[in-house]
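*Asks:* So the protein sequences, as listed, match chains X and E.
Heads up: the first sequence begins at 0 in numbering that gives the first Met the number 0, then just goes up one per residue.
Heads up: the second sequence begins at 0 in numbering that gives the first Met the number 0, then just goes up one per residue.
These are computed hints drawn from the structure, not numbers from a lab.
Bear in mind the structure is a predicted one, so any value in this text is a computation, not a measurement.
Do not take every clue at face value.
Covered stretches of chain E (chain X as the covering partner; in silico rule of three or more C-beta atoms under 8 Å from a C-beta of chain X) [claimed, not checked]:
1. 351-361
2. 509-518
3. 571-584
4. 588-596
5. 602-614
6. 711-722
7. 951-959
Some chain E residues judged to face chain X by a derived CB distance under 8 Å, without partners named [claimed, not checked]:
8. THR289
9. SER631
10. ILE701
Where a beta carbon is used, it is the ideal one built from N, C-alpha and C, also for glycine.
Residue strings, one per chain:
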Amino acid sequence: MKKILYFGYVLLLGVIVSCGDDFLDKPPLGVVGESQLATPSGVDAVLIAAYSVLDGIQGITTWDAAPSNYVFGSIASDDAYKGTDEGDQAPQTDIERYVAPPSTGYFDNKWRTVYDGISRCNDAIRIAGQALAAGTITQSHHDQVVAEAKALRAHYHFENKIVYGNIPYIDETVGTPEGLPFSVVGNVDEGGNYTDAWPDIVRDLTDAIAVLPATNPDKGRVSGWKAKGILAQVYVHWIGRANSGIDPTTSPGVAPLKAVLDDILNNGPFQLMPNYFDNYRIAYNNNQESLWEVQASVNDGSSGENGNYADVLNFPYGSNAPGTCCGFHQASQNLVNAFLTDPATGLPYLDDFNDRDFRWDQGIASYLDWGTDPWVDPDFVPYGKTDPNESIDPRLDWTLGRRGIPYLDWQLHPGDAWIRKQAYAGPYSAKKNVYYKSEEGSLTSQTGWTSGSTANDVRLIKLSHIMLWRAEIAVEESDLSTALDLVNQIRVRAANEVVLDRTTAGVETAVPACAGYNVQPYPSFPDQDYARKAVRHEIRLEFGMEGKRFFDLVRWGVAAEVLNDYLAMESSRPKGTLSVNENRRSYLAGTTFTAGKNERYPIPQNQIDIMNGSSEILKQNPGF
Amino acid sequence: MQKSTNVLQRLALFVLMMVFSVGFIMAQERTVSGTVSSPGEGPLPGVNIFIQGTTVGTISDLDGGYKLEVTGSDAVLVFSSVGYVTQTVTVGSQSVIDVELEADVTALQEVVVTGYTAQARKDITGSVTSVNVDELNEIPSADFAERLQGRAAGVFVGLDNNPGGQTMVRIRGFGTVNNNEPLYVIDGVPTTDVYALSRLNPANIESMQVLKDASSASIYGARAGNGVIIITTKKGKAGKAKFTLNAKYGIQKAQNQLDLLNTQQLGELEYQQQLNDYANANGGSVAGYTFNHAQYGDDPNASNFIPDYILPDGAFEGEVDESTYSYPDNLIMRASNPGTNYYDEIYETAPIQEYNIGVSGGSENGRYFFGLGYFDQQGTVMETYFNRFSIRANTEFSVKEWFRIGENLEVSYNKGVGINNNAEGNAVSNVYRAQPIIPVYDISGVNWGGTKGGNTGNSSNPVADLVRGKDNVSENWRIFGNAFLEADLFKDLTFRTQFGVDYTNWYQSSFSFKNPEDAEPRASNQLGVNMNYVLNTTWTNTLVYNHTFNQDHRLNVLLGTEAIQNEYRQLYGQRINFYVNDLDYRYLNAGEGGQQNSGSGSAWSMFSLFAKVNYSYKDKYLADATIRRDGSSRFGSENRYGTFPAFSVGWRISGEEFMSGSSWINDLKLRAGWGQMGNQNISSDNQYSTYRTQVWQSGYDIQGTNTSTVAGFDTGRFGNPFGQWETTTTLDIGFDWTMFNNHLTLNFDWYDRTTTDMLFTLPLPGTQGDASAPAQNVGEMNNTGIDLNIAWNGASASGEFTYNLGLNFSQYKNEVVSLSENAGTTLLGPDLRQYRYSRSEAGQPFMSFWGLQRDGFTDGSESFYNEDGEYVSDQYPGYYNYISQYGEGMGRFKFVDQDGDNVITDADNTWIGNPHPDFYYGFNANFSWKGFDLVIFFQGVQGNDLINYVGRWVDFVQFQGNRTQKMYNSSWTPTLGDNAKLPVLSAQDNLSYLPNDYLVQDGSYLRLKNLMIGYTIPNLKGVDQLRIYFQTTNVFTITNYEGLDPEVNIAGPGENSSLGIDQGIYPTPQSYILGLNFGF
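One chain only, chain X, in its complex shape (with noise of 0.2 Å):
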């Protein structure tokens, strides 16, 4: 009978083991559902994060969606080559190329990260509006952050639309994915015709205006005029991917660009900084010059990722070099040769500055001892350095490192040493993302394997870009004398401060590293055609380098010719026609740019694939 006692209990323990189904609720750790924040903290937490993939990282990508675009606007234009050597991240090397096929994953991870942008937007929205009506947040708070939400989705909808063109146009109330399987949204309507998300993109814009405060006391916040910035932007390359018909859509027409721009100029609270470089020094991060700006941030408990990321691999190549990896993005001949100008005049070349003759020190090995002394190079003289004649714009060298020309307070750029490999990619070295020596360790991440990621901000959009674009319009209104005016005020403030020599010390002097810097405002522009190339060319000088050049020459309609010439000149110079630099990038013979098609990247196969391969949902671009 005991043993029955005993088979009585442990049928009993049975029984309640089995009844305890709260024993299979095992709730995920460490997470948050989303009812739990519809909060005010909750509903601005999310919106922050909407603004955290600004810098291009997530958990998907770590350069593929640099904010600086360097890849899609800069490498696959005529500022810049790949760089480093051949095998590393060959398929930029095949977007320079323009026979990149829609699986390279650069396209499938720029796209997913921008969208990834737009889908924070929408929770923020989603979620505001869930705590709105069950009332834990008011009616302003709530309608603050859409506003913000709504400004951000437009800034993410605008960099995807530049970059693949017929793109879709995702709000909150597109694809929740509580009912499985997921709903698609794609970039075709019913009747197969690419939609046009451009018109969505400026409501949102204009939605967000008429809420946001004109000015918002947190530097990265968006406010009234820095969304009025990016509604610029957006209208900017609307008309003139319009008029050029890359988009099939129609052009708003130029009124509301020129009156956002004009109230920018004349209510802005925006000035020029008083030297050119300020926009580019973490020192002047969210300064009075700057509309749009993604923040970076270091020593903040991640290991970099929240600073300037997108880009570490564009520095010097080097162990004492800052950042130390991997030389990519490498200023191209052509922009050097863009920034020659006649020394009597200082005017830059319009027409022939590629057929001029610039000194480089390509297959000139590095100064031996450079080490001992970083300020003495008795091996090369750089062009410019002694020679008034030899007649420059001095942004030359704030836009890219040459050799013998000291690189911010690092030393003299040696050449050869900071170049991964020359023979493939040229003498040049990135500038503009880099960071002062001083800044090593508390303004850079020494955490992980780089040290180049930096607090340095990507300043998106600047008062220089808004007076240019709208110098732009006065020379298509004929209105030479404004065009003139507002030029000149960019091409005076370029000559207030140049780089400055250095002393073996290393110690600053007065003089300027070249004799021959000489940048003049244009007397006069004598007719459209003239002024039209001087605004031009004056915004390829001014955001050199700053992964806007590609994007430029499509709404302006002029790609296929500008690239198809740089590419035959690149591959093959004719022979003898100067004394050196001749054949610079033979990887580039035989590419070309193919006019139609190469104004927009594909759309990325994989996604395609996901929307189950159907031209229906997700519709290739033409030509590819």
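For chain X, the structure is supplied; the task is to place chain E on it using the hints.
*Replies:* For chain E alone, kept in the frame of chain X given last:
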């Protein structure tokens, strides 16, 4: 290694003393004689006859006669012969003992542990493979799964040669896109932790069964879908205490090297590449060409082609003042000429040793096994190692005749340093990535050489990596075991309750040095400390009823419940800038900045009810039925429970009247089984939608402070509350056949294994954001195949010579039937430097290779056209207009235009390889003659393709690393023409290594895995066994694979997608081992 040598010496001394001491034990003797015969066969020669508990014995002669000296009347004689039932006879007062041996079915009588119960092999109707544990122990390795390789049909084992690394075990192919690891059940306690394999001592294993089909495994229900491996550890038996000592000591060598270039050759290759590219851009002209390189001179034939220094770049004697050297600011490195062979620098001849002591014994009231083990394997790649200390205590007490209580417990501590296997950044990969011109040390002789000099690539110095990493030890404590209570409630009815625990505590401290000698140096030194623990508890209750009705009807019924809980916690901390690098300074508090920490946790649970009925009629007609109902926390409340049934039948034809007397059938059983099992190896959070906060993913410096962020929340995961179990349905038909007087055994199974409702994580459209998508029940995968086992045992007429031959052969065909309702759904393989080489789609084997197909080399005549039929010189890959000095458009890989549109695009990719083998096999032969034994064990895989991803680095221009002799000698030239193996040399050729069939290579191999010769010293009084042996493992490998080693494991547990992709692996070591088995 001084220490281990001493250990060995002491052991040898100890053993010798034992041998001598027993030699003196003598006693009174008398002679027993007789004949041995078999009913129907007459006298039996060659029968082993020995006195139980000793090694004293003899062998029957041709007439079956024998004569033996026996001591004392209670001596017991043991008569044994292969193929006959062993008989024991107590001598008593007899002096003539005639014995008749019954023909046996030894293997059939063997009782094997299956799900929750034990069964006689003859009664088993499922597909169960028992693995010979003695054979497993022949292989020197840390974990039993590695030893399992080639031993069991249907079990594929992929090795990670890292000491203590994880092993991939796949039973009958790949059943799912999710985790394919089998379930391990050790003394009734389940675990899926693959590190179980190396963190528990395999020497304590007494038996191992592999349950391969549903009828045998589905009693484990939801977790059995990938097969179940049942392990029983050693138990004590009533009797006197027995002591065993097994010791081995040996050395291992790495053998394989890629055939890389020396300094001069690599310079010449660079020169030729640039020359070709120059010619290409200049219409074929090379006039005016100058070589542009930071190190090499202008002319490969000149004496100054190779510099004397690589730092400063390309400097010569007299140009460098070595006295200005200072670390780390002014490093000076000499050029290595003829070049550094980094394989020679990192490979080491390394010792391996293993010692196990076991004591077992007991009485009717209590039995025990106690085991102590020490295992130490130094890696053949320097500074890697694994060692393990383990202690096991298994005890069982019979308190009453009907009441037993006991425990099985192992505590092990292990630690080691390995490399990140199968990865381009590990030390083995840095060997081929390092240029030969780089010296191991700079001119100081103590600081490292590296890539700081121009154009020397971006590898790190593999020697430096290994030496710097030698103290980055992983330490692990594991407690694994159970306690149980068993009561015979009534006659034939037994209740058992068992509480099992599996606890792992892991700690790793990882220090990164600054590396100023490299082109891409770290900004700081850094310490990261990682700790986690896993606690898994299992409570099992079973009732077993066992009864035979009317002699003919045997019934065995099992009822049970099981509750499993798992809990995981992890903690990580990191700091940078440590004042000194000393080992005793590597504590987080000493770091001056960069403070970071993180942590995480997860939990899951299961509750199950199960039942099993085995029925047998006259031992001829067998039937089994199993059912299990599982509930899992991984699924939402609506689909939380799953039911998994299985049925099987068996017919022992040999038991039928009409088969009696057949000489060629000793036993023949036909089996058929059908059943379902589950798989739930998905994230434990799959049903939940969650938001997360993480500084870099969701934080933003909204205030523009430069050094701080405001926290945010973003979607971390989309949940699928409707998910439910994957179901694996298997049909298994087979037979077990023993014939020719039990000399030949055949086991054959054909199976069909289909996983439906396969949990597949459908990729989300990018427009949904980047949160993790949940697994959904959308896919289907099928494996069909056969398992075949053939064994022959034989003996010479005299019986002095015996042998066993065993062959196991496995074949499966894998197919992804569907991934979703959408036929185009694709599961992509890993992104390796921007390209993906494998993918899964419906209708193809899992993770097949995908890319372009080659069709020889271009000869300049090719024209390619765009979609509109217009000639274009450079459609993708921008390629056919390539000009070298040899002429236009020649010498490039020509790819097959699959879609016939005259343009090579993504649409021309096709299936180019299958990582699944046609078949794999093991062949084992044991010979024994007098006291000598010889073991030969082959193992092989046939017909699998590998992606030689390493080839992308050494046959093409992925970074500026070293290259192969093949690239140097066999790249296209007009002379070689179509005999070339690689395209014309071009530094700018990053297109030839787009995924294409060049990198697909046959991974077949045949390996002599073990060659062992032993000698048992006979007739030592008081000694049960004394055997010494010598063995060589991995003696040779026959393969055509061009990479380092054809044995390419997956990159990590549960990570299927890297299947068959060689990203730089730890090479298979060859070892020479001396060992000792001793027992008394």
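*Asks:* It remains to establish, for every hint, whether it holds in the given structure.
*Replies:* Verification of the hints:
A stretch counts as covered by a chain when three or more of its residues have a beta carbon under 8 Å from one of that chain; for the segment 351-361 of chain E and chain X the count is 0, and the coverage is violated. Taking a C-beta to C-beta cut-off of 8 Å, the segment 509-518 of chain E contributes 4 residues in contact with chain X, enough for the three needed, and the coverage statement holds. Residues of the segment 571-584 of chain E lying with their CB closer than 8 Å to a CB of chain X number 3, which satisfies the three-residue condition for coverage. Coverage of the segment 588-596 of chain E by chain X holds in this model, with 4 residues showing a Cβ closer than 8 Å to a Cβ of that chain against a need of three.
Judged by the Cβ-Cβ criterion of 8 Å, the segment 602-614 of chain E is covered by chain X as claimed, because 6 of its residues qualify and three suffice. With 9 residues having a beta carbon nearer than 8 Å to a beta carbon of chain X, the segment 711-722 of chain E meets the requirement of three or more and the stated coverage holds. Restraint check on the segment 951-959 of chain E versus chain X: 5 residues with Cβ-Cβ distances below 8 Å, three needed, restraint holds. Given the 8 Å rule on beta carbons, the hint for E/THR289 holds: about 7 Å separates it from the nearest Cβ of chain X.
Given the 8 Å rule on beta carbons, the hint for E/SER631 holds: about 7 Å separates it from the nearest Cβ of chain X. The beta carbon of E/ILE701 is positioned within 8 Å of a beta carbon in chain X (closest approach about 4 Å), and the interface hint is therefore held.
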